[in-house]
Amino acid sequence: MSMRSPMSKVLGLGAAKQGSHHWWVQRVTSVALALLAPWFLLSLIALGDVSYASLTLWIAQPIHSVLLSLFVVVVTYHSQLGVQVVMEDYVANKGVRMVTLLIVNFALLLLAVIGVFSILRVALSVSPAIHIQMGLE
Amino acid sequence: MTQRERPLSPFMHYRWQYTNTLSILNRLTGLFMVLGLPLLVYWLAAAATSPESYEAALGFLNAPVIKLLLFFWLLSFYYHLFSGIRHLCWDMGWGFEKSVAQKTGWLVFVSAIVLTVLTWMCMSLHIYVNANGGLV
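So the sequence lines, in the order shown, correspond to chains A and B. Residue numbers for the first sequence follow our numbering, beginning at 108 and rising by one. Residue numbers for the second sequence follow our numbering, beginning at 9 and rising by one.
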């Protein structure tokens, strides 16, 4: 005989009240990263020279700003999910686990915001006129 | 009086083998790459600040220790990417047979090493060519 209430069975969320949400988002972000991360690496290789001028010009192209921002957001999200699973598996003490996760989450969110802000700052400060001059547009 | 042999919990006699090595490596490479995120963001933030601070950041990133770390981040990236794809295949129910899992495990391991070396050579060549004023 099952001890679960009909409501609990219907919701299917289990003891953590999260269901498979965490698991699923980790998969979704991994698929996104399987595309974004190789794009970022290949772009860096293709760019070759990462001097200030060539990097900022590269970032400032709209498609690159958008994809790079996406990459920064998704990579920090995927990291947060991954670190959480590892903590839950290996840190037995609930208090230590909670504090560590809070610190990691705050740090990763901060990194994501700084990353996206930096990309936008470069993208919006490099004048489109320079692109036209360089024959990029 | 002899003590009867008691049954052991499964984890007590779990043999170390390639399956759990690959699985642990997936986690370790992931965690290791998280440690590299501050550096990625530092690099972007420096590019957003000024040419001078970007030069300073490049100087820091060119330090031998960071270069060594970058090599292992690259290796971790490829390993985690291929291992992750292997996991996604499992999630769709493909590749669980022992012979297939063994083959894909080796494939992940070997291709990560090969691609890391290739990428590293490619990047070194770029740096060399740029330092010598281009190919022409």
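These are calculated hints, taken from the structure and not from any lab test. For each residue, glycine too, the CB sits at the ideal point set by N, CA and C. Careful, some of the hints might be misleading.
[Said to hold, decoys possible] Footprint (simulated), chain B over chain A, 3 or more residues, beta carbon under 8 Å:
(1) 141–149
(2) 197–210
[Said to hold, decoys possible] Listed below are the simulated SDA-like cross-link pairs for lysine to any residue, each with C-alpha atoms no more than 25 Å apart in a straight line:
(3) Lys111/B - Ala141/A
(4) Lys106/B - Arg134/A
(5) Lys75/B - Lys111/B
(6) Lys106/B - Leu43/B
(7) Lys75/B - Ala153/A
State whether the coverage of the stretch 197–210 of chain A by chain B holds or is violated, taking the criterion as 3 or more residues with Cβ-Cβ distances under 8 Å. As far as the stretch 197–210 of chain A goes, the hint is violated, because 0 residues have Cβ atoms under 8 Å from chain B.
Would the pair Lys106/B and Leu43/B pass a check requiring their Cα atoms to be no farther apart than 25 Å? It is violated: about 34 Å lies between the C-alpha atoms, which goes past 25 Å.
Whether chain B covers the stretch 141–149 of chain A (at least 3 residues having a Cβ closer than 8 Å to its Cβ atoms): holds (count 4)
Taking 25 Å as the top limit, are the C-alpha atoms of Lys75/B and Ala153/A close enough? 19 Å, holds
25 Å Cα cutoff - pair Lys75/B, Lys111/B: 32 Å, violated
Regarding the pair Lys106/B and Arg134/A, is the alpha-carbon distance no greater than 25 Å? 23 Å, holds
Proposed proximity, Ala141/A with Lys111/B (alpha carbon, max 25 Å): At roughly 21 Å apart (the allowed maximum being 25 Å), Ala141/A and Lys111/B satisfy the hint.
The structure fails to meet hints 2, 5, 6 from the earlier list, while all remaining hints are met.
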